[in-house]
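Could you put the whole structure together from the sequences, leaning on the hints where they help?
Residue numbering for the sequence shown follows this note's numbering, starting at 1 and increasing by one per position.
Please note that the accuracy of each hint is not assured.
To be verified - Below, simulated PhoX-like cross-link-like pairs (lysine-lysine); rule was C-alpha separation at most 20 Å, straight line:
| id | residue 1 | residue 2 |
| --- | --- | --- |
| 1 | Lys245 | Lys192 |
| 2 | Lys83 | Lys69 |
| 3 | Lys73 | Lys83 |
The hints are simulated quantities; they were obtained by calculation from the structure and are not laboratory data.
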Amino acid sequence: MIDKTWRSAAEAVADIPDGASLAVGGFGLSGNPIALIEALLAQGTSDLSIVSNNCGVDDWGLGILLNAKRIRKMTSSYVGENKEFERQFLSGELELELTPQGTLAEKLRAGGSGIAAFYTQTGVGTQVAEGGLPRRYAADGGIAVASRVKDVRSFDVSGAPRDYVLEEAIVTDYALVHALKGDRHGNLVFNKAARNFNPLAAMAGRVCIAQVEELVDPGELEADSIHLPGIYVHRIVEVGSDIEKRIERRTVSVAQAAAREMPEGA
Numbered sequence: 001m002i003d004k005t006w007r008s009a010a011e012a013v014a015d016i017p018d019g020a021s022l023a024v025g026g027f028g029l030s031g032n033p034i035a036l037i038e039a040l041l042a043q044g045t046s047d048l049s050i051v052s053n054n055c056g057v058d059d060w061g062l063g064i065l066l067n068a069k070r071i072r073k074m075t076s077s078y079v080g081e082n083k084e085f086e087r088q089f090l091s092g093e094l095e096l097e098l099t100p101q102g103t104l105a106e107k108l109r110a111g112g113s114g115i116a117a118f119y120t121q122t123g124v125g126t127q128v129a130e131g132g133l134p135r136r137y138a139a140d141g142g143i144a145v146a147s148r149v150k151d152v153r154s155f156d157v158s159g160a161p162r163d164y165v166l167e168e169a170i171v172t173d174y175a176l177v178h179a180l181k182g183d184r185h186g187n188l189v190f191n192k193a194a195r196n197f198n199p200l201a202a203m204a205g206r207v208c209i210a211q212v213e214e215l216v217d218p219g220e221l222e223a224d225s226i227h228l229p230g231i232y233v234h235r236i237v238e239v240g241s242d243i244e245k246r247i248e249r250r251t252v253s254v255a256q257a258a259a260r261e262m263p264e265g266a
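This is how it looks when you write it as structure tokens:
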């Protein structure tokens, strides 16, 4: 029996060195592997290159690594919820490879599936394919590093030739993910929308570290309910169901807002 459990998040991430590349699950603040992120922050790992849909917010998720100046480069599809991210990027402190969301998902999946690259219509006719997108700014506000030109080819797959841009797969040194349940073999079950980028990030990491709210013995998970097989997971840590979970913006309907403002007994 292969038991992949580790005693703590700190022990599970202890060998992640400075300069490592990481694929990190989550979408907004949903499904963030926060215990693993906090453990990485506590041990002082720096100069990280991180692939994740976004970079959390200023005081949560990957944002806590960003605030501590631990991230050298982000590969993301959305960066609009983090003021410190904006500041570091525009001041030349942070490199950003902005990638269309579906393309980012497929680059991670391809990396985990042994596919070196793929062609997609997304980005054709834009700077995604033609190059020139700022990836790092200089101190004087000029562009220090720009995205490169990508290969574009025409394929006839639907009765009419169309252009497609070549996108290379992503493989990282490590992956950090969050799941609802996992067994000691590393099989994972995700909870609804918290599934998001987590399986794809897990696939892309050469070493995948998963935090789970509930750890069970092999055989307790229904085979058809498993979202990610344990072949992709190398370390698993139980963090409990009471782990703090945040949302970016709490909103309520007009009717709910009115009900809250109504005096008691009215």
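Task: Distance restraint between Lys73 and Lys83, which requires alpha-carbon spacing of 20 Å or less - done: OK: Lys73 and Lys83 at ~16 Å, within 20 Å.
Open item on the list: Between the alpha carbons of Lys245 and Lys192, is the straight-line distance 20 Å or under?
Closed with: holds, 14 Å
TODO: Please work out if Lys83 and Lys69 have their alpha carbons no farther apart than 20 Å.
DONE: Holds. Lys83 to Lys69 sits at ~14 Å (cutoff 20 Å).
The structure agrees with every numbered hint stated previously.
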